[in-house]
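Peer 1: Chains Y and V, in that order, are what the protein sequence lines are.
Counting in the numbering used here, the first sequence runs from 1 upward without gaps.
Counting in the numbering used here, the second sequence runs from 1 upward without gaps.
Just so you know, these hints were derived from the structure itself, not from any lab.
Heads up, a few of these hints could be off.
Here are the simulated distance ranges between beta carbons [what the hints assert, rightly or not]:
1. His144(V) x Lys187(Y): 17 to 27 Å
2. Glu30(V) x Lys234(Y): 27 to 37 Å
3. Pro78(V) x Asp598(Y): 41 to 51 Å
4. Glu543(Y) x Ser79(V): 16 to 26 Å
5. Asp646(Y) x Ser79(V): 51 to 61 Å
6. His144(V) x Lys564(Y): 22 to 32 Å
Taking lysine-lysine and the BS3-like style, the derived pairs with C-alpha atoms no more than 30 Å apart in a straight line are [stated by the list, open to error]:
7. Lys3(V) x Lys236(Y)
8. Lys307(Y) x Lys540(Y)
9. Lys242(Y) x Lys116(V)
10. Lys187(Y) x Lys116(V)
In this text, all values refer to a predicted model and were calculated from it rather than measured experimentally.
Ideal Cβ positions, reconstructed from N, Cα and C, are used throughout, including at glycine.
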Amino acid sequence: MNIVKVSRRDFVKLTSAASAGLVLGLQLPRSARAAEGAPFPLGTFVEVGTDGIVTIYVSKSDMGQGVRTTLPMIVAEEMDADWKHVRIRQADLDKKYGRMGTGGSSSVRTMWTPMRQAGAAARAMLVSAAAAKWSVDAKDITVSNGVVAHGAKTATFGELAEAAAKVAVPKDVTLKDPAKFTIVGKKANRLDNPDLVVGKAHYGIDVRLPGMLYATVLRAPVFGAKVASFDATKAKAVPGVKHVVQIDAHGNEAPWAGVGVIATSTWAAMKGRDALDVKWDAAKKDESSATLSAAMHAAVADGGSAKQVRNDGDVAAALSAAAKKLEATYEVPYLAHATMEPMNATASYTADGLELWLPTQFADWNAGSAGGAVGTKNVKVHVTMLGGGFGRRAFPDFAVEAALLSKAAGAPVKVQWTREDDMQHDFYRPASVHRVVAALDANNKIAAWHHRMAGPAINSWMGQGDPAESEVFDKEQLPPIANARLDFANVDSVVPRGWWRSVENTFNAFAVQSMMDELAHAAGKDPIEFQLSLIPAGHKVEEKGVVTYDADRLRRVIELARDKSGWGKPLPAGRARGFAAWFAFHSYVAEIAEVSVDKNGAPRVHRVVTAIDCGIPVNPDGIAAQVEGAIVYGLTAALQGAITIDGGAVQQSNFHDYPLLTIDQMPVVETHIVPSTAPPTGTGEPGTPPIAPAVTNAMFVLTGKRVRKLPIIT
Amino acid sequence: MTKLTINGKAHEVHSEPDTPLLWVLRDELEMAGTKFGCGRGYCGSCTVLANGEPIRSCSTALSNVVGKKILTIEGLSPSGTHPLQRAWQAENVPQCGYCQAGQIMSAAALLMKTKKPTDAQIDDAMGGNLCRCGTYQRIRRAIHRAAEEV
């Protein structure tokens with residue numbers, strides 16, 4: 001393993017407490033450096049060493065969104081710690097940390113208050129210790145940059161750590177006035193950067209245990225197929241191959257049946273797998289992208305199978321009375337997550353229980369599923385770095401496989417997926433078709449909106465909840481329209497579905513923000529002015545006294561993006577701008593894309609100007625990075641992303657036929673963050689939804705033709 | 001047994017001659033900085049230098065690199081302070097970080113030949129290195145920044 005495993009206990013025995021921190025600080029990669037100088041816990045999330053090193057436990061998984069930097073910033077802010085002395089440790093699975101699952105752009109939003117409280121509590125304990133030591137009133141003590149002071153008396157966090165740890169963790173703490181923040185709101189570089197640039201960051205694929213074996217699994221190519229029989233003779237003849245075992249599917253969360261090859265190296269396992277002879281049973285092979293598309297189009301055309309989700313006013317009457325009526329049908333395909341690190345997991349099963357090393361977004365869910373598969377409730381999980389997640393690494397399938405393989409081998413096993421495995425055995429962003437009929441009244445306001453959508457729902461794959469709930473948009477994602485109806489038809493599919501960066505917002509923003517643009521043009525209005533005219537001033541939605549949507553914040557991001565983009569000003573010949581805005585994950589985003597189209601009709605996106613309001617911007621550079629990444633993720637899909645099905649199997653296999661955006665395709669992305677004192681909200685996902693309609697709306701200006709089916713380039 | 005020179009050190013490895021260099025580095029030599037991304041040379045995550053040329057170690061057999069000087073992310077600079085490594089940190093390039101070793105090695109090969117690359121030269125040299133997190137504009141800035149220092 002790359003992380004140097006010096007147990008704290010051993011190290012303290014060997015080294016004097018006074019010098020330990022400094023020595024380790026030089027020897028260990030920064031992310032692995034903890035408070036080795038006799039660390040003292042100040043609550044659940046914080047340890048302070050006698051060397052003054054502040055170690056903060058990160059209970060959320062970092063898949064690139066930067067929580068291993070952002071969450072410590074919040075703690076350090078309330079502690080008044082010296083940021084240079086802050087180190088991080090990834091928390092192992094433990095109930096004491098609360099919910100560890102990472103998704104829905106929720107880490108900073110949900111951890112904002114707990115992290116502030118953790119930092120404030122640690123600070124209060126250090127202050128109490130100083131007050132007792134100096135026999136002074138705690139109220140007269142100040143803290144700054146890791147130093148506690150009273151008049152001329154000062155003590156470092158390190159000097160107070162031992163005494164502070166004996167103070168009871170306070171339940172009620174006073175949080176800082178945000179106006180006094182010195183860490184939150186300023187650019188912080190990733191704490192993992194020093195490791196990342198020298199190849200020392202520790203991902204799931206890098207786990208290495210004593211006596212560990214390496215496995216690959218040949219999974220059924222057709223969804224739902226099972227192993228009928230297999231001949232392992234040739235595979236076992238490959239040097240290094242130790243075991244060949246059948247793996248069964250474990251429900252819809254680990255739906256892959258296959259044959260595992262366990263060997264002394266990754267390459268031996270891969271060669272062994274190539275030598276396998278497996279007969280698969282007859283699964284349903286009749287599904288193709290064409291049959292699915294036809295079923296979705298049929299469902300939105302006749303509406304017979306659709307279930308009404310919302311129905312305000314009288315849509316039918318409003319449509320028949322309207323001055324102008326538009327009808328359009330939008331369609332998007334299945335998409336794969338394609339994290340750069342292919343799925344993998346390492347497990348060590350013994351009679352005592354199961355220990356897992358996982359690049360997972362959901363340590364808690366993974367532990368239950370993998371433990372269940374091998375019949376133990378005693379499960380330990382160590383979360384590694386994640387080479388991308390985007391929703392894919394929520395699922396426990398790779399953890400289940402590793403557990404089963406380790407049990408079968410009687411040894412620790414790392415299961416390594418190939419890119420082909422990963423591309424063809426994903427939980428895909430659902431395909432969907434949207435038929436929107438909308439009407440304008442004589443004043444060019446939207447008189448009616450009838451939105452009927454159809455697709456295979458995530459919820460129907462997982463067998464939980466109402467299928468519509470995982471697919472439809474919220475009321476706030478349309479402007480207030482007196483006559484608005486939304487229907488959803490679930491369409492059967494053998495293809496596993498899951499959460500893909502911004503989930504249902506991808507296709508809903510495409511359909512809604514495309515139709516808004518179509519209406520603007522039908523009304524003869526500027527698309528931005530048209531949408532602004534529909535946003536009522538002062539409109540807020542409240543739930544239990546908390547404002548969950550504020551239309552004025554949407555207006556501000558639209559105006560900011562408009563003003564920064566030069567909207568309305570001339571562009572070089574052959575270029576046009578397109579606009580879209582969307583509210584998701586409690587954040588507000590507007591994007592303006594500058595696009596040209598080549599002689600074959602293929603677009604090139606030159607520049608994207610975006611404005612985001614995500615509450616208090618904890619780490620502004622991190623937010624900009626997330627917006628850049630979210631745009632690339634959405635743009636890749638809009639331009640060239642499609643998973644197609646034939647014979648019940650995925651046709652794509654690697655990056656040659658599921659191409660990712662490359663550096664030469666990268667637009668200049670400018671991110672403008674609205675200053676805010678509201679609590680922080682999502683940043684990882686909200687930038688993804690608006691980019692597809694922003695690009696296709698620009699293409700309409702250039703070509704006069706609407707792009708209503710993604711991807712744009714086929 | 002195969003003799004290899006990696007990051008200036010001689011190694012004797014026992015992997016089969018058809019084993020991709022990537023797995024020799026990762027599994028046998030425990031040099032895990034070089035990453036597996038696609039196994040077919042499409043994504044560049046596994047990029048290392050062989051006699052100064054960027055190669056895809058996932059699809060280069062051990063037998064094809066005998067006698068060549070291999071440079072990996074672990075050997076780019078002994079202290080992690082190569083201008084590219086400093087620039088990568090200054091521009092806060094990495095998100096998940098998984099592709100970045102390959103990105104840095106491709107950029108290192110570029111700067112060895114082209115002291116002050118243009119945007120078009122960066123596109124050419126880096127077009128085979130995929131990043132799913134979308135760090136490309138920061139990669140571009142970091143290469144320009146490093147070029148200023150070299």
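Peer 1: It remains to establish, for every hint, whether it holds in the given structure.
Peer 2: Here is how each hint holds up against the structure:
Checked against the hint of 17 to 27 Å, the C-beta distance between His144(V) and Lys187(Y) comes to roughly 19 Å, which is consistent with it. The supplied range of 27 to 37 Å is met by Glu30(V) and Lys234(Y), whose beta-carbon atoms lie about 30 Å from each other. One distance hint, 41 to 51 Å for the beta-carbon pair Pro78(V) and Asp598(Y), holds here, with the actual separation near 47 Å. Distance hint for Glu543(Y) and Ser79(V): a CB-CB separation of about 53 Å, inconsistent with the stated range 16 to 26 Å.
Separated by about 52 Å at the C-beta atoms, Asp646(Y) and Ser79(V) satisfy the suggested range of 51 to 61 Å. As the Cβ distance of His144(V) to Lys564(Y) is approximately 23 Å, the hint placing it in 22 to 32 Å holds. Proximity of Lys3(V) to Lys236(Y) is assessed by CA-CA distance (about 28 Å); at most 30 Å being required, the pair is judged to hold. For the hint linking Lys307(Y) to Lys540(Y), the alpha-carbon distance of about 28 Å falls within 30 Å, and the restraint holds.
A distance of roughly 52 Å separates the Cα atoms of Lys242(Y) and Lys116(V); the hinted pair therefore is violated under the 30 Å criterion. For the given pair, Lys187(Y) sits about 28 Å from Lys116(V) by alpha-carbon distance, which is consistent with the 30 Å threshold.
In summary, the numbered hints that this structure violates are 4 and 9.
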